[in-house]
Amino acid sequence: MPVKPSAKSGMPSNSDMAYNVSLPVFEGPLDLLLHLIDKAQLDIYDIPIAMIAEQYLSYIRSMQHLDMEIASEFLVMAATLLQIKSRMLLPQPPKLSELQEAEDADYDPRQELVQRLIEYRQFKQAAGELAVQQRLQMKVFSRQPLRGPWNDQPLPLEGLSLDDLFTAFIAVLQGQEEVPAMIEREEYTVKDKMQEILRRVRIKADNGLHFSTLFGYKSSRSEKITSFLALLELMRMRLIIVRQTGRFGEIMLQLVVQQQD
Amino acid sequence: MFYDHVKRIIEGLLFIAGEPLSAKKLSEMLEMDEENILLLLGRLMDEYHKSERGITITAVAGGYQFCTRPEIAPYIEKMYKPQVSALSTAAMETLSIIAFKQPVTRLEVEAIRGVKVDSALHTLLDRKLIKEVGRKEGLGRPILYGTTSEFLRQFGLKDLGDLPSLTDVCLTEQEVCKALSENESVAD
Chain V
14 MPVKPSAKSG MPSNSDMAYN VSLPVFEGPL DLLLHLIDKA QLDIYDIPIA MIAEQYLSYI
74 RSMQHLDMEI ASEFLVMAAT LLQIKSRMLL PQPPKLSELQ EAEDADYDPR QELVQRLIEY
134 RQFKQAAGEL AVQQRLQMKV FSRQPLRGPW NDQPLPLEGL SLDDLFTAFI AVLQGQEEVP
194 AMIEREEYTV KDKMQEILRR VRIKADNGLH FSTLFGYKSS RSEKITSFLA LLELMRMRLI
254 IVRQTGRFGE IMLQLVVQQQ D
Chain U
195 MFYDHVKRII EGLLFIAGEP LSAKKLSEML EMDEENILLL LGRLMDEYHK SERGITITAV
255 AGGYQFCTRP EIAPYIEKMY KPQVSALSTA AMETLSIIAF KQPVTRLEVE AIRGVKVDSA
315 LHTLLDRKLI KEVGRKEGLG RPILYGTTSE FLRQFGLKDL GDLPSLTDVC LTEQEVCKAL
375 SENESVAD
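Chains V and U are the protein sequences, given in the same order. Using my numbering, the first residue of the first sequence is number 14, and each one after it goes up by one. Using my numbering, the first residue of the second sequence is number 195, and each one after it goes up by one.
What the hints contain is simulated information worked out from the structure, not anything from laboratory work. As the structure is a prediction and not an experimental result, all values here were calculated from the model. All clues given are correct.
Calculated pairs, DSS-like style, for lysine-lysine (alpha carbon to alpha carbon, straight line, at most 25 Å): (1) U:K352 to V:K152; (2) U:K310 to U:K295; (3) U:K322 to V:K137; (4) U:K310 to V:K137.
What follows is a list of derived Cβ distance ranges for each label pair: (5) U:K310 to V:Q96: 17 to 27 Å; (6) U:K244 to V:P61: 51 to 61 Å; (7) U:E344 to V:L88: 32 to 42 Å; (8) V:V145 to U:M239: 20 to 30 Å; (9) U:E344 to V:R100: 40 to 50 Å; (10) U:M239 to V:P122: 49 to 59 Å; (11) V:A53 to U:I210: 56 to 66 Å; (12) U:I210 to V:F179: 33 to 43 Å; (13) U:Y197 to V:D177: 47 to 57 Å; (14) U:E326 to V:M195: 48 to 58 Å; (15) U:S313 to V:P61: 29 to 39 Å.
Covered stretches of chain V, as calculated for chain U (at least 3 residues, CB under 8 Å): (16) 38 to 44; (17) 84 to 92; (18) 122 to 135; (19) 142 to 148.
Here a beta-carbon is modelled for each residue, glycine too, at the ideal position from N, C-alpha and C.
One chain only, chain U, in its complex shape (with noise of 0.2 Å):
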């Protein structure tokens, strides 16, 4: 009985809140421990799920927040024509290199794209995607770049940890060596 009163509760901040909102954030306003909302949660959102509604809670950006299926977009985009135009692949690129190597300055960036990456940065920065977290000690004390919470949003990931993993996990210089000489004595 109580349990249900705080889930109704949580869903109706859910609903008013328009932006995800943390289990932390919850059980604050709630007083209730972290672990009974994140049980609380799930269940709510396991019965949004299983009665098939038009709208579910998702867990996006370090928080849950409800959103519509995706099946009902291009109704949505009838009613509203959003706007949000793709990313070039210039700044995707750069994008997915400041997401996994953050905080990175944009020589760091340019060294792994080979080329220059301001009118990428300008744009990402435009977006919101990502932002200044800080400056580089040393010579000319460099701006740190990293992602936002819109960059989180807009790209459904949980937190960063939820990235696509890098493949061919970064190989060390000793494991480039060893390849390299492999393939000679193969040659051989």
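The following block holds chain V by itself, in its conformation from the complex (with noise of 0.2 Å):
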């Protein structure tokens, strides 16, 4: 097997750094047949299925006991060797007549893997090929094409002429005389909330404050985060204290009781 996962020794077996993975890359389970059948020097024309497909699988096996991803063309292909073989294995129907026993003869249950499979050594030694050649073509160097006003490449202004270039930078010019942008005074500080929300508070001091009433219907948006973010801090600083008394109950705000040393 190409997969040799071996426990050092001595080692905790929990941990990922116990194994010592050698694991050749393939690209993806043709390849992965391919090198299975030129390991075992079969013949591609005639695979012993039920060989190579225990050889997959204990492969497949090995990548899931090292937790690797298994691309779900791996898991198909294994399928697929599983259905050849047990199609091998079936016994083949009685023979009618001559005529589809020469029929017959001509189906392989492996004919299609097998056509795939050298379909693919094809284009992978084509592929081993073209390296070799891009390896050697990598060595030997030539010119870039000049750039310079005889250029046939289209040029990226083209169909603009001067005039328009110096529309566009007045408009760029103009553009930059324009009404500075403004930024909004802040008028509610979380401070003066915070002020305004105790001083509400102490005079409710028997009842509570209801919560409501901190938002008034004309206050602006603004103000009304601003209230809950000074509601929010007094709470955490432990001023007030917010209780509710059901379910969309009234919220009641009290002031907390200081203890005064």
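Using the hints, put the two standalone chains together into the complex.
This is the structure:
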């Protein structure tokens, strides 16, 4: 098997470091199958399916054992191999006629797989040859096309006149004289709101202050947000406590009784 | 005399072009038939070859181009440190399938490789080794891919006919069947 997971002695077994893995990289299930066939020096036209399927599956199992992500294509191929294996084990139906016998003689469950393997092998070999050729060619350098006024590449500014550029430039200059951006002044500060809330809660010290009264109808979005932030801040500082009596009930704010030392 | 004059012009044009110049284009520019251009190109290439210069003229990507001799490469690499890295096996396999089968769809390439090829396709497109060459008629009108002239240039190929030959040339279905049945009879 190409997989050699060997646990080093004395290392904790739960550690990933315990595995010393050497795993050849396969480009896909066909690549793996070709490797298995080549290794066993098998005739590609007469693959002992049971043996190859077994080797293939044990490779997949090793991958699982190593927690490697197994591409679905590998699993599809495993299923295909098992299907071919089972079809070859099935007894052939009794021959009905001479004619059918001649037809059946041509049939082999491995046929399609063999064709795919052969086709893939061709391109794999061609890829190898191309890689060699590219490596050779990488040693050969040539000039890059010249960039110059005679360059026949389309100009990026094609169709534009000097006037167009001038107009565009003027537009940019004028654009710069636009009104400066406005930054709104902070009308409400969390600090102010905190004091306001504290003051109002103190007044209503007996019953507590209704949460809803913090946000007046007229108050702006930013005022509401500031009030809410102020309330959160007061809660964090443990100056105010918030209670709700029941679901959907009114939320009451109360002053935390300061323990005087 | 006249031919020497034209030869000089060809030499100058090749020097300036920086990309493969086809004999056809040269013949158009020089208003001379292609046959004579090819003859003169041949002589010019011969001269460069015989005088063992640092540069030669090669036929590549459907044209002719000046390029350096391979033995100079280490020194050029010292000067420029080229950044071109070799392609991964996955990209190479994908490229070889596209080169031989073009125009071809992604699914057809995947059927041969038995795995997904999206990322390999991206790499090849990025490197301008392949391009979209159209759409296949049929369901979903999938994109068809083919190789570029940059591919020919990077692999030193004159044209697609210059590709290495496919070994065990595509066997037909019948041939596979025959081979299989022969094996069986031997086993019997």
